[in-house]
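K.L.:
The residues making up each chain are set out below.
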Amino acid sequence: MTDDVKAKRRVNRKHVLGALHDETGGRGGDTAEDRVKEYCEDPESAERTEFAFVGALTLQRFYIDPAKPTSAQRSSLWTNIMQRLEKEASNPGGWDKDTNVSQLQAIAEEA
Amino acid sequence: MTRSRFLHALVIALLWGVVHAQNKTVDEAAVDAQNPAPINMFEAEGGYRWSKRPDKTRDNESWVRVLYKGALIKEAGTPFKEAQSLDLAAPAVPTGAGDRNTWSLRYENGKAEAGGSLLEAEGVQALKLRGLDNLDLRGTAYIGGNSVGKTLLVAAGLESPPMRIPFASETGASNWVVVGINGQHQEAVDTQAGDANSALVTLRAFLGKAFGWRKSANVAETAAKLESQLLKQAPTFAEGRVLAERIQKIPANQRTKLQQLLLDTLGDVSADENWNDAVKQMAAGTADAITDQPTLAVYGEVSGWRTVSGEPEGPKTKSLSTITVDYWFLDKRDNMFLRLRYENGYERALPTLKLNRLMLSATLRF
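Sequences listed follow chains A and B, in order. Count the first sequence with this note's numbering and you get residues 1 to 111, in order. Count the second sequence with this note's numbering and you get residues 1 to 366, in order.
Hints are supplied without guarantee of correctness; some may be wrong.
Here are the simulated distance ranges between beta carbons [as the list claims (entries may be wrong)]:
hint, chain 1, residue 1, chain 2, residue 2, range
1, B, 338, A, 90, 52 to 60 Å
2, A, 8, B, 310, 30 to 38 Å
3, A, 6, B, 356, 18 to 26 Å
4, B, 166, A, 6, 35 to 43 Å
5, A, 6, B, 167, 36 to 44 Å
6, A, 90, B, 317, 49 to 57 Å
7, A, 89, B, 306, 30 to 38 Å
When the alpha-carbon atoms are kept at most 27 Å apart in a straight line, the in silico DSSO-like pairs for lysine-lysine are as follows [claimed, not checked]:
hint, chain 1, residue 1, chain 2, residue 2
8, B, 280, A, 6
9, A, 37, B, 280
10, A, 6, A, 37
11, A, 8, A, 37
12, A, 87, A, 97
13, B, 249, B, 232
14, B, 56, B, 354
15, B, 52, B, 215
16, B, 280, B, 316
17, B, 209, B, 225
18, B, 215, A, 97
19, A, 8, A, 87
20, B, 209, A, 37
21, A, 14, B, 249
22, B, 316, B, 215
23, A, 14, B, 280
24, B, 209, A, 14
25, B, 215, A, 37
26, B, 249, A, 87
27, A, 97, B, 225
28, A, 6, B, 232
29, B, 280, B, 225
30, B, 232, B, 280
31, A, 37, A, 97
32, A, 6, B, 249
33, A, 97, B, 209
34, A, 6, B, 225
35, B, 249, A, 97
36, A, 14, A, 37
37, B, 249, A, 8
38, B, 280, B, 249
39, B, 280, A, 8
40, A, 14, B, 215
Source of the hints: derived by calculation from the structure; they are not laboratory data. Values in this document were obtained by computation on a predicted structure and should not be read as measured data. Note that the Cβ used here is the ideal one computed from N, Cα and C, for glycine as well.
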């Protein structure tokens, strides 16, 4: 895997975390907050364990209520991610509160 | 269902969960709860609702429901079973908690206190309006109806992106406020007397935080299990790439977490790096995240609307406020919790009936 591709995937993860913060104001709970902030400050140099840690955070950790994100909130989050990735693609669906950051990033990258 | 039957069913459900939890090692419990077994295939919920009508009379009731992949099944003879198989190249089993894409639809029979049915559907799409790009507005659509008043509501409008509640972010709480404007038409199904057009200003606000974070399982043991599963199916970088080609044929929204973890690992490592070390690091970070478990989550939400044009039945400003406390009372399970919820106000699909109720429920998901 080339370094460019690796760097892009790490930066895209930062964008997904940034979009989640925009939408919810949260950073995955008290135990994750500092680690998410630190990762977003320099995603390319972050330790591999941190790349995996922030990727495994589920959306419920940001939305708190198990009934969220609702359809409207998913649409809003998707819009935000697309803007950050500078893409225009429709939401293929198939993701919810149990989806983690890594999965959502992959869905957005493939859309 | 009588109160004694409800309590009986609730106790059985709770005991079953507790006994079942004790039969698992801590790492099995954590890994099964998150990876890669399908979660929320089944959901069992029982609760009791204390409801006060506007005329001060009470309308209490209990409920038990069992869902399979989101579909209600009978109350008796539920075929509980767990998915144990692991095949990294197999697509995820669909769960009932899935996305409804641009539209969400809710239909609840018997929920309306007068005994009727409630239907709501809503959607949001990004809109690009010339000259208003910076506002990042979204287009909204809403359909709601109920068989009690025999009315249908259709609305369309604009909505802001989520904004922060002042000072709330400093507490680390999740929070947002969304405001919007809507044009709404109410159609009375049986008569023309109830037809009305109106303009609404809408608001939705949420504030919530999880507390008491702890580890639901041993992180090192969970990481070792993830590492072993990955290395069993991809012992080398080269074999991992072959497996990845098969996994990549599965659409991203159908992959399991473990499949995506393997792709992440391959994407973050180069051929000259030590594959085993990379897998170990990725497993460690993942295990650290998936074993995090809050003890308590407290969240409140207000959704309201004001009729600025038109004559609604009752007050012009209506809202629904809810406060919920979720409590994960078992040390090693994150799929079983107690919920206390208070609701006060009006649902948009049933704006003539004021709710004032407290609910206590226990939920088991697996």
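K.L.:
With reference to the structure, classify each hint as holding or not holding.
P.N.:
Against the structure, the hints come out as follows:
no., hint, verdict
1, 338(B) <-> 90(A): 52 to 60 Å, "violated, 39 Å"
2, 8(A) <-> 310(B): 30 to 38 Å, "violated, 51 Å"
3, 6(A) <-> 356(B): 18 to 26 Å, "violated, 56 Å"
4, 166(B) <-> 6(A): 35 to 43 Å, "holds, 39 Å"
5, 6(A) <-> 167(B): 36 to 44 Å, "holds, 39 Å"
6, 90(A) <-> 317(B): 49 to 57 Å, "violated, 36 Å"
7, 89(A) <-> 306(B): 30 to 38 Å, "holds, 36 Å"
8, 280(B) <-> 6(A), "holds, 18 Å"
9, 37(A) <-> 280(B), "holds, 23 Å"
10, 6(A) <-> 37(A), "holds, 20 Å"
11, 8(A) <-> 37(A), "holds, 18 Å"
12, 87(A) <-> 97(A), "holds, 23 Å"
13, 249(B) <-> 232(B), "holds, 21 Å"
14, 56(B) <-> 354(B), "holds, 12 Å"
15, 52(B) <-> 215(B), "violated, 40 Å"
16, 280(B) <-> 316(B), "violated, 60 Å"
17, 209(B) <-> 225(B), "violated, 30 Å"
18, 215(B) <-> 97(A), "holds, 20 Å"
19, 8(A) <-> 87(A), "holds, 14 Å"
20, 209(B) <-> 37(A), "holds, 18 Å"
21, 14(A) <-> 249(B), "holds, 25 Å"
22, 316(B) <-> 215(B), "violated, 48 Å"
23, 14(A) <-> 280(B), "holds, 22 Å"
24, 209(B) <-> 14(A), "holds, 22 Å"
25, 215(B) <-> 37(A), "holds, 21 Å"
26, 249(B) <-> 87(A), "holds, 22 Å"
27, 97(A) <-> 225(B), "holds, 24 Å"
28, 6(A) <-> 232(B), "holds, 24 Å"
29, 280(B) <-> 225(B), "holds, 10 Å"
30, 232(B) <-> 280(B), "holds, 13 Å"
31, 37(A) <-> 97(A), "holds, 21 Å"
32, 6(A) <-> 249(B), "holds, 20 Å"
33, 97(A) <-> 209(B), "holds, 16 Å"
34, 6(A) <-> 225(B), "holds, 26 Å"
35, 249(B) <-> 97(A), "holds, 24 Å"
36, 14(A) <-> 37(A), "holds, 9 Å"
37, 249(B) <-> 8(A), "holds, 21 Å"
38, 280(B) <-> 249(B), "holds, 25 Å"
39, 280(B) <-> 8(A), "holds, 22 Å"
40, 14(A) <-> 215(B), "holds, 25 Å"
When the structure is compared with the earlier hints, violations turn up for hints 1, 2, 3, 6, 15, 16, 17, 22 and for no others.
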